[in-house]
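Residue numbers (mature numbering (1 follows the signal peptide of the UniProt record, and there is no 0)): -21 to -1, 1 to 147.
Hints listed in this document are in silico derivations from the structure and should not be mistaken for laboratory results.
All values reported here derive from a predicted model rather than from experimental measurement.
Hints are not guaranteed to be accurate.
Said to hold, decoys possible - Derived DEER-like restraints, expressed as beta-carbon distance ranges:
1) Arg87 with Phe41: 18 to 24 Å
2) Ile12 with Arg71: 32 to 38 Å
3) Tyr147 with Leu49: 15 to 21 Å
4) Arg87 with Arg37: 20 to 26 Å
Every residue gets a Cβ at the ideal spot worked out from N, C-alpha and C, and that includes glycine.
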Amino acid sequence: MFAGFLFSSLLFLSTIQAVTAGEIVIGMGADDILDSNRDHANGAFAGLVELHLEPFARVAGFDLAPMATLQFDNHGDYYAGIGFYVFRRLGRARRWMIEASLAGGILRERSTRFDIDDDFRFRSSIGFGFDISPRARMSLTLDHILDESLRNQDPGSETIFIRYTRKY
């Protein structure tokens, strides 16, 4: 039931996305890179699709925007969530940037040796990057999935992504 609600929410956000002139993010990277509790010790190939809506606030120089994310790997794990994205330009030319996000959503894990319930999890992300054109940028991020109490009582998942972001 909750998964259906989450899917509907992501679909709704994706339709709003085109109207509000936000960003789409596509990423690829390596998942489970710091985990010794996985069935596949060498990690997994990971993919990412994110939608960022237009920022609705600026706090301490950071733009704050709603976002939706879908993260998956080739071992059958996936995470779908909604949350908030922050972004700040750096340097005199303002070509460099830092970014971070926090989302809540559903994690389905099939690659761990632990018996983990498929349920609500948080995903945090932090990264840095640079503009490659006036409408596009590249970034490197470290993403981490943790349990609903914002702790690592259940094994989390770390992923390094190279991300391409394109403005609409």
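Now for the hints, and whether the structure bears them out:
1. Arg87 with Phe41: 18 to 24 Å: Check failed, 31 Å falls outside 18 to 24 Å.
2. Ile12 with Arg71: 32 to 38 Å: Given range 32 to 38 Å: holds, Cβ gap about 34 Å.
3. Tyr147 with Leu49: 15 to 21 Å: 18 Å, holds
4. Arg87 with Arg37: 20 to 26 Å: 35 Å, violated
When each numbered hint is compared with the structure, violations occur for hints 1, 4.
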